[in-house]
Each structure stands twice: as structure tokens, then as C-alpha cells.
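Trainee: Residues per chain, in single letters:
2 protein chains.
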Amino acid sequence: MPLSSYPEFDAALAFAAESVERTMERLLPRSFPGENTGEDRVFEAMRYSSLGGGKRLRAFFVLAGATLFKVGVVPALRTASAIEFVHAYSLIHDDLPAMDDDDLRRGKPSCHKQFDEATAILAGDALQALAFEVLAEAATHGDPAVRAYLVSDLAKAAGAHGMVGGQMLDLLAEQQVGEMSIGAITRLQRLKTGALFEFSCEAGAILGKVEDSRRGALQAYAHDMGLAFQIADDLLDVRGRAEEIGKTPGKDQAAGKATFVSILGLDRARDQARLLGEQANRHLEPFGPKADPLRWMTEFVIARKS
Amino acid sequence: MPLSSYPEFDAALAFAAESVERTMERLLPRSFPGENTGEDRVFEAMRYSSLGGGKRLRAFFVLAGATLFKVGVVPALRTASAIEFVHAYSLIHDDLPAMDDDDLRRGKPSCHKQFDEATAILAGDALQALAFEVLAEAATHGDPAVRAYLVSDLAKAAGAHGMVGGQMLDLLAEQQVGEMSIGAITRLQRLKTGALFEFSCEAGAILGKVEDSRRGALQAYAHDMGLAFQIADDLLDVRGRAEEIGKTPGKDQAAGKATFVSILGLDRARDQARLLGEQANRHLEPFGPKADPLRWMTEFVIARKS
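From first to last, the protein sequence lines stand for chains L and Z.
So the number in the working numbering is just where the residue sits in the first sequence, counting from 1, plus 1.
So the number in the working numbering is just where the residue sits in the second sequence, counting from 1, plus 1.
Bound-form chain L, shown alone:
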């Protein structure tokens, strides 16, 4: 069934994006008029790169997961904001000349093009610190054990055994075209994007203090959906046009980088994404119709055009 058949999904996605954006806006540091302190340049760069764009998929996962466990909207939005801050910092650093060297992000100049490299490095660093500050503060959850748990899990997902490790593998992969197996690419993506997706999907369970098999089901969902997302991303990179995806297209291909598509070919990659999506949604059975937003999201990540 095409996505346009789910009007509720569009509404839910727009609600997640708008409400997390408002929360992030309040949590970010700001300059006050007439008070030129100098360091507000880094505030501006943080706001430039984290506000006003993005599909906020990770925020959506947090909110959709939170509704499964009757978690309050403030804890969910603060947790979603923290994850989006980590995501924004990773994009700023990934775009740097020494990394992926990308001049465009979400259709705008990337942070180091709009400001400069030093400011971009610092804005990313400060966004990471802000994410942990937000999670640790009392407003995120009444139980400090839950806050400490969120911090430790996000730190693991973002660190050397998670997102940063995956980005390291990705940079090394560019130098070893053709030598990577599907297993190696799967592992790379599970670290680079999967770890943060998993944390986003599990956050609702953490906030609801749910430690049983339902948390495991969400983790399994996140794992399969995350891989489907990445294959769809690789397909977009091949087919995308700059104005559609808002970043430089065909970059992976130009760099001769091994991707799911370069190894599987277009058709098998498309089948694989579809298969993983079905597998992801099967993990949601214990939740019944309450998990429909997550099911729709699976369709969305596979079918998305940008």
C-alpha cells in the first residue's frame, strides 16, 4: 500500500519533527541581543546545523516507542532532542574536509562552509556535550537511575564501539574498494547508523523502565529497519539528484566506495531492503496496532525519495 494511504503517518511524522524542533530550539544556547560575547559564534553554528531541517527519524522512533509504554511527552522529547543533537554533531564532523568533504547538507552549505572549519569542529563538540547535559538533567526523568542509564547507553551508541567506530570503518572502506564483503558492510553500517537507531527505538523502553522481551523486540526491529534504511540510502545515492536529496549525489560511486548496491546490484539491493523491512515489522507483533507508527516508518524509510 502506498504511503499516501496513511494520512496518520504524515501527521505523526510532522508532529514529531515540529515538536522535537521546538524542544531543541529551547535547549540550544542562544545569543542575547546587544550582548556580543564572542563565543556566540559557536551557538550560531550549533543552531544552524541542528535546527530547521532533517526528517527527524530518530526523534520519531523515540516518540513512537514512548507511546508503547505510556512515557510522558517531555521525557520523550528531551531524549529525542539529545539524540538529534548527537546526529547533528556527527553530520557536522562527517562533512569536514578531512572526513567526507561535503559542501552541502540538507540543501544548505555545510557547517564548515557557512562558518569555518574550526567553528564547525567546536559546534560539533558542543552539541555532543549538550546531548549528555540534557539527558542528565532532572527534567528528563524523575528517576536519576533512568537518566544515568540513558547517558551510558547513548554514550556507548555514539562512541568508539558505535557511531564513531563505524565512521572510522567507513573512512577506511574508501581505501579498500572491492575487498569488502556484505558481512563487513553490514557491520560497518550497524555501527555507523545502526547503534543510534537502536538507542532511539529502545529509548521509550528505557524511559518506561521496561526490561523484558519487549525491549528486545524493539532492538531487533531497529536492527533490521536500520539496515533497510542504509540500503535505501545507498540506492538513493545512486539514483538521487542533488535537488532531491539535498546533498552531493553519486559521491559513494565516485569515490569507488563499496556499498550494498555496488555489491548486490540495484535489483537485489531493492529486494533486500524490502525483505528486511518485512522482517523488521514482524518483530513488532507483540505490540499490536499501537506499533503502527513504527510499521509505517519502515515503509517510509524503504520508499523514501530523499
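Hint data in this document are derived by calculation from the structure and do not stem from the laboratory.
Take these hints with a grain of salt, some might be off.
[Unchecked claim] Here are the simulated distance ranges between beta carbons:
#, chain 1, residue 1, chain 2, residue 2, range
1, Z, 23, L, 214, 35 to 41 Å
2, L, 110, Z, 177, 21 to 27 Å
3, Z, 114, L, 52, 34 to 40 Å
4, L, 182, Z, 33, 17 to 23 Å
5, L, 19, Z, 212, 38 to 44 Å
[What the hints assert, rightly or not] Derived coverage of chain Z by chain L (criterion: at least 3 residues anywhere in the stretch with Cβ under 8 Å from a Cβ of chain L; other residues may be distant):
#, segment
6, 115 to 126
7, 145 to 151
8, 214 to 225
We treat Cβ as the ideally placed atom computed from N, Cα and C, and that holds for glycine.
The hints should help you fit chain Z onto chain L, whose structure is shown.
Mentor: Frame of chain L; chain Z shown alone:
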């Protein structure tokens, strides 16, 4: 009285440096022989830049503060390690070509010279995440509220309103030689190095759940001692030789950067450091002789040759 008259200080400084180094070594990610996972390149860079060097002043402050409030050695060492990870990440990023562009750190090639820029950016990012992971884990303190408090305070000290903001000001200061007042430089340093010093000095009180005036006294101590430290640092930059300070000397002067020394002159800067040191130690009076290690440290930061 010269420092050599305090044999206990040398022992305490060596103990802090060795024990925090051992703790950091255990907390850092490692590669296992025969298990070449690729991302272990970032593990190596993290270890290269955070182990095997440094005076570990911040760790010393945590341990010295912890003894004032009967805090256990494991909580103190884990907190000290987290702070040293943040310090190490900040040095890696500060040394990058887009920032201070320094090829030497602690007498060795800086991280991006030893590895490459991308690996250095990632190693810094992962060290920051590791710091928060360590603080949030149960081994750091039995009370999760204390762990959440540590995370939120370290995040504030490291973020846009602390260390990162100070580094932003420092980069901008290079473009405005002669225009900076003593007040502006003091504010810059309070953010850039002072915020992390303050957190280091207060950490013992946080771990000991001490919220009274004693915590304020440690904060005031950290404030004055931190400025004395920075003036001493500026003096070292002018007089230092590369083999003594292990980094490129005279850099600030060459960059035409405003420092305490460029504004006050050598003699007044030296007097000011001494005065701030005396003021710092007066804040320690409520603690009696138990605070002697902190008093010795004040002498040390002012008199240090490297």
C-alpha cells in the same frame, strides 16, 4: 619555600598520575591480538593521545578534593579519568590544522600528525563520549543521582558555555590583537581552562554529596588557582624552550595573540600569578591541614617549568 621541600607533594602527584593512568588504561577501548576489526585504528589514537604523559593536574585535584570528604578511591579515580578523557579530547581537537595547528604535544607528534586528521577528529569525539559513559556507570557511584549530577556538571564545563566557548573566544582573539582587555582575557581563560579546573576541584564534594559552603570554597579556590595557572602558562610560552614544555614555544607571541603577559608585561604577570596563588590558598582555610596537597599544587602551578 621551594617545592623540593615538600617530598609528600611529589609522592602525591606521582600517585595521582600513576593511578589515574592505570584506571584510564582499563577504561579505554583496546584491540585484541588477531582480531583486526578496522575501527581499532580509532582505539589506538585514543590511547596514543590520552595515555603515557601529562601532569594529570585535573586528576590530582579530584583525588585531593575526594580526600577532604572521605570519598572512595574508585569513584574518585573514575571521575578523574573522565575529566582527563575530556582534557585529552580537547587537546587533540585544539591541535588540528584548522584550530591551533600544532605538530607537537607532550614532546610527541600530535594526534593528527601521528595518525591523520580524520582519525584525530574521531578519536577526540570518542574520548568525549567515553568520559560521559564512565561517569554514568554504576561503578562510579552507588547513588545514580550523583552520577547524573556529575554528567550534567561535566557537560556544562565542557560545552558551549564552558571549554568549547572559551576555545571559540581564543580563536577569535587571534584576530583582534591589542583590542583585548584583561577582563576579556580573564573571561576567555575562565571558560577555556577554568571551567574544567572548577569541575575537577568540586568533583570530590559532588561525590561526597557536600552542598554547603565547603563546595563554594573549593570553587573559589579553583577560580583563583586556574587564573594563576593560566598566567604561569603564558609566562612559560614566552620563556619556554621546546624540549622543556614539549610543545612549540613562543606560538602565542608569534601569532601576535593577546595574553596576560603581552598586556601586563613579564614582571606584573609574575606578581599577579603569585597574588592569585595566595588568594587561592586562603579559600582553603576551612579545611585545615587536610587541604595541604591543594596548597602545594598552587605553588606547583605557579613555579612549574613545563
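Trainee: Next step is simple, just say for each hint if it's right about the structure.
Mentor: Structure-based check of all given hints:
1. Z:23 / L:214: 35 to 41 Å: At roughly 40 Å between Cβ atoms, residue 214 (chain L) and residue 23 (chain Z) fall inside 35 to 41 Å, so the hint holds.
2. L:110 / Z:177: 21 to 27 Å: holds, 25 Å
3. Z:114 / L:52: 34 to 40 Å: holds, 36 Å
4. L:182 / Z:33: 17 to 23 Å: At 21 Å between Cβs, range holds.
5. L:19 / Z:212: 38 to 44 Å: Between residue 19 (chain L) and residue 212 (chain Z), where Cβ atoms are some 39 Å apart, the hint holds.
6. 115 to 126: Coverage by chain L holds for the segment 115 to 126 of chain Z (8 residues, Cβ < 8 Å).
7. 145 to 151: Since 5 is at least three, the answer is holds.
8. 214 to 225: The restraint on the segment 214 to 225 of chain Z is violated, since only 0 of its residues have a Cβ under 8 Å from chain L and three are required.
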